[in-house]
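Chemist: Spelled out, the chains give:
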Amino acid sequence: MMKSLLGALAAAALLATPAVAQQKVKIGFVNTFSGPNAAIGIDERNGFELALDHLGRKMAGLDVEMLYEDDQMKPEVGKQATEKLIQTHKVNFLTGYNWSNVLLASLKPAVDSQTFLISGNAGPSQIAGELCSPWFFNASWQNDQTPMALGEILNRKGVKTLYVLSPNYAAGKDMAAGMMRTFKGKVVGEEYTRWPGQLDFSAELSKVRAAKPDAVFVFYPGAAGSQFFLQYAQAGLKGQIPLYSVYTTDAITLPQIKDVALGSISTQQWVQDLDNPVNKRFVAEFRKKYGSYPSYYAAQHYDAAMLINSAVVAAKGDLSKKDEMRNAMRKADFPNTRGKIRFNHNHFPIQNFYAQEVVKDAQGGFTMKTLDVVFKDHSDAYASKCPMKW
Amino acid sequence: MILFLEQFLNGLQFALLLFLLAAGLTLIFGIMDFVNLAHGSLYMVGAYFAATFTRWLNSFVLGVLLALPAALLLGVVLEMLVIRRLYSREHLDHVLATFGLILFFNEAARLVWGAAGLTLPLPSFLSVFLEVLPGVPYPAYRLTIIGVGLLVAGVLYYLVQHTRIGMLIRAGAANREMVGALGVNINRLYTIVFGVGACLAALAGVMAAPILTVQIGMGENILILAFVVIVIGGIGSVRGAFAASIIVGVTDTVGRAYLPEILRLILSPTGASTAAPALSAMFIYLLMASFLVVRPEGLFPAPGGRK
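Residue numbers (the working numbering), protein chains in the order written: chain A, 951 to 1340; chain B, 608 to 914.
Misleading hints may appear alongside valid ones.
If you only want the chain B side, here are some residues facing chain A, beta carbon under 7 Å, derived [unchecked claim]: (1) Glu613; (2) Gln614; (3) Gln822.
From chain B, some residues computed to sit far from chain A (all C-beta separations above 12 Å) [to be verified]: (4) Leu624; (5) Leu693; (6) Gly721; (7) Thr726; (8) Val759; (9) Val762; (10) Leu766; (11) Met774; (12) Tyr797; (13) Ile831.
What the hints contain is simulated information worked out from the structure, not anything from laboratory work.
Treat the numbers as computed from the prediction; the structure is a model and nothing was measured.
Built from N, CA and C at the ideal position, the CB exists for glycine as well.
So that you can see chain A by itself, here it is in the shape it has in the complex (with noise of 0.2 Å):
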């Protein structure tokens, strides 16, 4: 009798034990961790940790199991690390995705394997439009909507000659493509230059001086941003032609331009400043954190965790029901660094866009300050592309 109870015992401790290994929730991250862009992808990954810290590193009570893998801004290594963490560590949701090259290169892998790639930064307008698919969803903005934005400043600035500079690759494109979709005046240049290896900008701003525009257009994300409004100071322009900007100045790259961006005038679908609680909040304690200004790109990351969290939350944990958790993320109700923002049918954001200026803090740091509300619930140009509905 006391022999068959404890064995009853034993076998019900040995079935007890595999509740006890509960399912995880794994979130592959894709982003660039090497190279001089490696202050992105880090500042993107605090941004993202800063959330999951919020969330006490659990959704729905299932623990989080991050997986971080480095594209090194190459789309071959990007594909190869989004194949990797499907393929071997089969996780949940992918996410990151800085440069829209490599999340171009990576979305079939996803797609293909119906697993959820929640883009934090890169807005390539195919995937707006006809590669739009129900397994992706934008956390960021479209790559043609903070120019569109920047170009309806322009306008309204009176600016009727432009020259246009941007590096060659399918963001550089959208940006200028962006621009020139609201801007009303004349475009005198359009350069193209070299990315990721162009570094001296002294051939193109020759041309520039040349061409006497009323005012210089630029997208250099990263390194390239630094050094373009460097060597833009060092031709003497700074003064004379007005440069406007998009994702050029940001937490990162402001530290090393300091003062040579100050004034500087440029659009975004955050700021700093932008006064609302879940805003606030993230702020002041990612400066706590980690000891400066939260990027943009922090911003997105912080976002898209807390809506992969509230699809997790609406499935109660059960990773399988992707038709639940595609729902409850479509409804955008999460906490979000940027107010309020709802997702188009082509999963979107349709959110404001805000002029700022970089200005001096009291610290005597660099930081942005919102001007005024350029586009309300602004939606990207290429939805009516997709064919998705819902």
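Fit chain B to the known structure of chain A by using the hints.
Modeler: Chain B only, in chain A's frame:
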């Protein structure tokens, strides 16, 4: 016309930066028959040293002057610890080893200085503009680069042509075994050559740093161009490196400046703006390929024949 001259100056400045890097590389490859991929890392470390010393000493000139002997020391230590063991090996082993050194230096730089990079701000006396061409305020700093490059070219020329050590260098480039057999301390010669090469690479990094900011991996792109330069100029020849770097630097810059306009004459505007960056990136390599076909030994090959 004025614009062309300005672009020519831009190209000349880039060419002399390339020369500083290529001169060391060609000496190392020519005399020591050693393929040094880590040359780009020495360029990067030189820039980091200059940025750090400038910050500590609060003086641009002192920071730059201190960075060079520091880089020389690093080059000598590297030669004694690592490079020396590889002389008897094949070129492929050199490539593997120095590629490993690139990775090592990149990670070491990230550990010491962080991932975000540094800036090396110019002092006020170099931030002025000089009107070398009418109506064109050209940055004084870029003129300084041209000046320093020409000065180093002159010093190297004197060193190689008119001193004993230069004679040993030229002899070593022509026939290394014979120089060893004639009783010259080949090991010490190699250490000196590697140290000088490292110093030149660091000088190039220091000169480039105020324009291009100091980043991890900053040497990799320019190293490829430096290899193109030494192939065109002739391996082992400083004169060849000078001529080839002028050709490569000026054609690259001027080509980049005027290619879009030229293409716009034959293609549509969107076609031209898409094709121009791709073509201008290829241009230098097409140039190198045609040189290899027409004159494979380079513009000024080392006398006595090379393998």
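Chemist: Any hints this thing doesn't respect? Which numbers, in order?
Modeler: 4, 6, 7, 13
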